[in-house]
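K.L.:
Here are the chains, one letter per residue:
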Amino acid sequence: MANREREDSDDGNPRAKRPKIEGEANGKTRAQNGFGGDAANDPSKNPYLQHRYPQATGGGGRLDNSMRHKTTTKATEALENGPNNPFTGSKFSQRYMGILQTRRDLPVHAQRDQFLDKYQKNQILVFVGETGSGKTTQIPQFVLYDDLPHLNGKMVACTQPRRVAAMSVAQRVAQEMDVTLGEEVGYSIRFEDKTGPNTMLKYMTDGMLLREAMSDNNLSRYSTIILDEAHERTLATDILMGLLKEVVLRRPNDLKLIIMSATLDANKFQKYFHNAPLLAVPGRTHPVEIFYTPEPERDYVEAALRTVLQIHAIEPAGDILLFMTGEEEIEDACRKIRLEVEEMVRESDAGPLTVYPLYGSLPPQQQQKIFDPAPPPNSHGGRPGRKCIISTNIAETSLTIDGIVYVVDPGFSKQKVYNPRIRVESLLVSPISAASAQQRAGRAGRTRPGKCFRLYTEKAFKEELIPQTYPEILRSNLSSTVLELKKLGIDDLVHFDLMDPPAPETLMRALEELNYLACLDDEGDLTQLGRLASDFPLDPALAVMLIVAPDFYCSNEMLSLTALLSVPTLFVRPAAQRKRADDMKNLFAHTDGDHLTMLNVYHAFKSDEAQANPKQWCHDHFLSHRALTQADNVRMQLKRIMEKNEIELMSTPFEDKRYYENIRRALVAGFFMQVAKRDGNGKTYMTVKDHQSVLLHPSTVLGHDSEWVIYQEFVLTSKNYIRTVTAIKPEWLLELAPTYFDLSTFKDGEIKRSLLRTANKLKSKEFATKGRK
Amino acid sequence: MAGSEDEDDYMSMAIAEPTQPLAETSIQRVARKKREAALKAQVKSKAEKAADEVAAREAALATPLLDTSNKGFKMMAKLGFKHGDTLGADKGGRAEPIQVVLKEDRGGIGLDTEKKRKFREQVNHEAKRVKADEVEYRERVRLEREEIKREGQIWNAQRVAEELTSKAKEASGPLLEPKVTMPTPKTAGQPLSSINVLWRGLVRQRLESDGEKRMRHSLKSVRSRLPTYEDPDLDREDLLALGRDEKAGVFEEEVEEEFEGEDPELDDFNALPSEQRLERLVIYLRQEHHYCFWCKYQYSDEEAMGDCPGITEDDHD
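Each protein sequence line maps, in turn, to chains D and E.
Counting with numbering that gives the first Met the number 0, you get residues 0 to 772 for the letters of the first sequence.
Counting with numbering that gives the first Met the number 0, you get residues 0 to 316 for the letters of the second sequence.
Hints may be right or wrong, so weigh each one.
To be verified - Think about it this way: if two alpha-carbon atoms lie no more than 25 Å apart in a straight line, the pair counts; the simulated DMTMM-like pairs of lysine to aspartate or glutamate are:
hint, chain 1, residue 1, chain 2, residue 2
1, D, K458, E, E113
2, D, K368, D, E424
3, D, K413, E, E103
4, E, K115, D, D499
5, D, K718, E, E169
6, E, K114, E, D104
7, E, K77, D, D520
8, E, K73, D, E326
9, E, K33, D, D524
10, E, K48, D, D689
11, D, K413, E, E95
12, E, K73, D, D689
13, D, K458, E, D111
14, E, K70, D, E712
15, D, K415, E, E57
16, D, K751, E, E95
17, E, K102, D, E457
18, D, K746, E, D51
19, E, K81, D, E457
20, E, K117, D, E462
What the hints assert, rightly or not - With the C-beta cut set under 8 Å, the calculated list includes, among others, these residues of chain E facing chain D:
hint, residue
21, F80
22, R93
23, E113
Hint data in this document are derived by calculation from the structure and do not stem from the laboratory.
This structure is a prediction, so every number in the text was calculated from the model and none was measured.
Even for Gly, the Cβ is constructed at its ideal location relative to N, Cα and C.
Start from the sequences, fold in the hints, and give me the full structure.
P.N.:
What follows is the structure, encoded as structure tokens:
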């Protein structure tokens with residue numbers, strides 16, 4: 000039994016390690032693999048390989064047309080059975096045959112006939128398959144065998160909301176199809192493209208497909224587009240749906256669209272896509288018993304810990320999955336549970352319990368640990384061991400962990416919230432939706448009947464939870480999106496057919512911001528700068544900052560800084576060594592603020608001393624090696640875009656006293672809408688125009704009390720904070736962003752008065768200079 | 000506004016400053032500067048700051064942005080957007096941004112609502128209890144009084160019934176007002192169960208109290224001849240000789256027998272509410288004796304009874 004379970008988890012989980020069996024040899028020597036005279040084995044006779052033998056087939060085109068969209072399950076299964084890979088011609092490996100059997104056991108396989116029928120007859124199809132049905136890995140392969148995109152020089156795209164998912168699923172499918180990742184099957188995520196000329200199936204983030212649409216409005220490279228995990232309703236998926244709704248009309252005969260969702264609330268998708276047909280595949284799930292608390296909990300964290308320990312003490316063997324909101328909460332819970340369990344083992348002979356944290360910013364090899372089997376009993380015949388995974392809502396839909404029998408759900412998650420009225424985009428701890436709660440509970444029934452402990456009352460579940468999580472488009476700043484839509488050629492943003500249109504104020508704010516950034520003119524049309532900015536996969540303010548950087552003789556530095564701002568935090572601050580970590584950070588501190596400090600870190604990282612052993616160096620300096628290498632990669636990608644657009648790369652000589660000032664001025668050119676002024680002599684700052692009282696985030700490095708600062712982020716927690724802050728001078732604001740700082744539009748108050756004084760000073764200075772001339 | 004010394008006034012100095020119609024005097028200026036400086040120097044407490052912060056945020060969150068002078072709005076207006084519209088192909092979009100709700104504690108889902116609900120409930124309950132108490136108390140006192148009054152009426156009615164019945168037995172005598180008199184020996188001599196249940200309770204009670212009296216009396220008389228003991232060998236004559244009241248002993252036995260005996264009929268009657276008991280007595284008196292309890296008058300016959308206003312007390316008001 001244990002053996003079988005391990006096998007399952009190995010195959011069912013897309014991120015599981017696998018031996019690298021297909022080395023270079025496999026890819027390169029394929030042609031001479033010697034499967035000579037046998038006709039069935041002759042790749043040149045294989046209809047799927049006709050494109051590789053143009054001289055041999057001659058009338059191959061006719062054959063293609065006769066096969067395309069007319070295949071049957073029986074015929075394709077025969078091809079899948081081998082012995083040769085119909086797409087590459089090489090002999091299927093032993094491993095392939097093993098996986099094939101597992102694939103055929105997946106619930107989607109039972110409905111392959113139905114799927115092919117609906118796919119062949121319709122342009123749009125809504126496909127519902129619960130987590131674990133195998134839809135993400137199998138449906139694109141079903142499509143490949145019927146759509147034969149490579150014969151027409153097209154591809155099949157399958158979008159994923161998350162980068163990790165796109166990468167890991169592509170890897171898994173490459174393995175299932177017995178091909179090299181990056182060849183026939185590849186992936187494309189922001190700042191990383193692993194595809195090649197032979198690629199026929201491309202897993203990609205929804206954001207990447209959207210970017211591609213900007214340069215190819217009809218997405219003509221694709222013959223089938225699969226939008227996976229559509230129920231997650233990410234911003235990019237929502238925009239893509241609106242876009243594809245129009246594209247399918249323009250390409251009625253050569254584009255098919257499949258919307259895949261994991262929830263049964265698919266009617267909304269059907270309705271949106273002109274009543275497209277629906278195909279539903281049940282997941283392979285077991286019943287889950289749900290328990291509620293009789294009374295609302297006073298402290299959900301404490302209640303969660305208590306519940307986990309109780310499960311461990313009295314429930315039969317089976318792993319535990321606990322949902323928490325964020326890194327800090329998760330690490331804290333891990334520590335406490337470990338301590339308590341130690342005591343339980345000592346005092347009441349409890350079984351061993353291994354605790355694993357799981358959250359987005361955790362290094363991949365540590366994320367991988369959650370798939371380790373549960374520990375064995377402490378002694379032979381002792382109480383069974385189990386593992387407990389404490390996770391953010393990553394484990395809710397995107398990861399499949401077998402062996403989970405108990406789910407503990409406190410009912411909260413961190414969700415992005417944007418409010419155009421105070422222009423704050425923050426992650427806030429909020430109650431989950433009823434749909435999320437169901438999804439979480441379902442995680443307990445993957446391998447056998449399970450139990451879900453909800454740390455709230457049944458009444459609260461029914462009355463307080465919203466039915467569905469708000470789609471991201473309603474919770475985001477839309478300035479990037481609006482720029483993208485403009486570039487996509489969609490001008491009527493007011494009537495653009497979105498599934499859930501956002502509040503008018505959100506669009507208004509986005510248009511206004513783009514206008515101030517000079518990306519849109521007063522008519523709402525894309526400017527030259529706007530067109531250029533949309534070429535960068537960046538927030539418009541960052542893109543503008545980068546584009547105008549040559550005016551400040553520091554485009555090299557701004558390029559590095561932009562890359563650093565596009566990756567997770569550089570600084571590592573383990574709970575046990577906060578003091579030391581802070582001391583190390585201070586080594587890089589720049590008196591004028593966080594942006595310059597980050598730049599110092601990057602420059603130090605690129606020094607010969609650090610590059611000698613970068614990993615060790617990062618570890619010694621409490622820096623994230625992963626984030627820094629990622630930033631390096633991002634920098635390279637951005638550099639390519641800059642070169643393509645002929646944006647000059649230059650630096651002010653480091654010895655020049657204006658070296659840092661130029662960088663700060665360039666920052667202002669992009670972030671003049673994120674400025675705060677200190678309130679009197681106190682610690683609080685006041686945001687310009689929105690008049691929000693804010694504090695500097697405790698992580699801020701600022702050597703002196705600067706009266707004016709720009710900030711990267713306005714964070715809402717129990718207090719209002721601004722994070723990643725740099726000191727600036729008010730003159731720069733008036734000089735570099737005169738439209739935004741048109742003082743006649745300012746409300747009376749301390750900020751206006753101070754700026755007026757600055758304006759007067761500037762004027763007299765100007766006068767003086769003129770007089771001298 | 001100028002020259003006004005109101006406490007509130009200097010708070011709005013921001014608006015007032017340079018373009019004041021009336022020039023302030025130097026003394027006023029010095030005073031104002033002093034006030035301003037004092038205000039600036041005053042360090043706000045943490046709680047005050049936090050409150051300010053929240054207030055500013057809430058105010059901004061509650062203020063809609065849509066303003067026709069806004070450039071973004073103008074661009075939207077060009078596309079046909081008007082105030083009050085929503086976005087989307089069929090204008091099915093939401094009108095307002097999603098609310099920002101800050102969670103500052105670790106309370107579980109439903110805790111706040113539960114707290115509010117409990118508080119509300121408690122307030123309601125308290126209010127109700129106070130109100131209910133007043134009404135209930137008055138009502139209870141009223142009912143108690145009525146009950147006492149009715150028990151009295153029942154007692155009276157029972158006595159009248161007994162009187163009239165015994166009179167009717169002796170032959171119809173002259174009409175008379177029933178008098179409160181001691182029971183006639185005749186009733187006492189009857190077995191209790193033969194007495195009408197309507198006033199059997201009265202008779203029984205009387206017998207009980209009589210029995211007690213006698214017992215006490217006999218005890219006294221026995222005690223007067225102490226020392227004493229029961230001697231089964233003593234015969235009647237001996238007892239008489241000893242001065243023991245043989246009769247009393249017998250009577251005692253009799254009464255006890257009667258008293259100890261179960262009387263379900265009487266128990267049932269006594270279990271009835273006082274109104275019903277009284278009603279039955281009144282009706283009995285009217286039907287058997289043409290006596291109206293409320294008129295306190297015995298009519299000659301059925302016909303004469305027609306002069307009586309009715310069977311209830313209310314009819315006689």
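K.L.:
Are the Cα positions of D:K458 and E:E113 separated by 25 Å at most?
P.N.:
holds, 10 Å
K.L.:
Given the hint that E:K77 pairs with D:D520, test it: the Cα-Cα distance must not exceed 25 Å.
P.N.:
With Cα atoms ~13 Å apart, E:K77 and D:D520 stay inside 25 Å; holds.
K.L.:
Can you confirm whether the C-alpha distance between D:K368 and D:E424 stays at or below 25 Å?
P.N.:
violated, 32 Å
K.L.:
What's the verdict on E:K48 and D:D689, does the C-alpha distance respect the 25 Å limit or exceed it?
P.N.:
Since the Cα atoms of E:K48 and D:D689 sit roughly 17 Å apart, the hinted pair holds (cutoff 25 Å).
K.L.:
Is the straight-line distance between the alpha-carbon of E:K73 and that of D:D689 25 Å or less?
P.N.:
Given that 25 Å is the threshold and the Cα spacing comes to 20 Å, the pair holds.
K.L.:
Keeping to a limit of 25 Å between CA atoms, is the pair of E:K115 and D:D499 held or broken?
P.N.:
Violated - the C-alpha atoms of D:D499 and E:K115 are around 33 Å apart, more than 25 Å.
K.L.:
Hey, does the E:E113 contact hint survive, CB to chain D under 8 Å?
P.N.:
holds, 5 Å
K.L.:
Can the restraint linking D:K718 and E:E169 be considered satisfied, given a maximum Cα separation of 25 Å?
P.N.:
violated, 102 Å
K.L.:
Is the Cα-Cα distance between E:K114 and E:D104 25 Å or less?
P.N.:
Holds - the C-alpha atoms of E:D104 and E:K114 are around 14 Å apart, at most 25 Å.
K.L.:
Taking only the CA atoms, is the gap from D:K413 to E:E103 under or equal to 25 Å?
P.N.:
holds, 13 Å
K.L.:
Are the Cα positions of E:K117 and D:E462 separated by 25 Å at most?
P.N.:
Holds: E:K117 and D:E462 sit about 16 Å apart, inside 25 Å.
K.L.:
Check whether the Cα positions of D:K413 and E:E95 lie no farther apart than 25 Å.
P.N.:
Status holds; Cα separation ~22 Å.
The structure fails to meet hints 2, 4, 5, 8, 9, 16, 19 from the earlier list, while all remaining hints are met.
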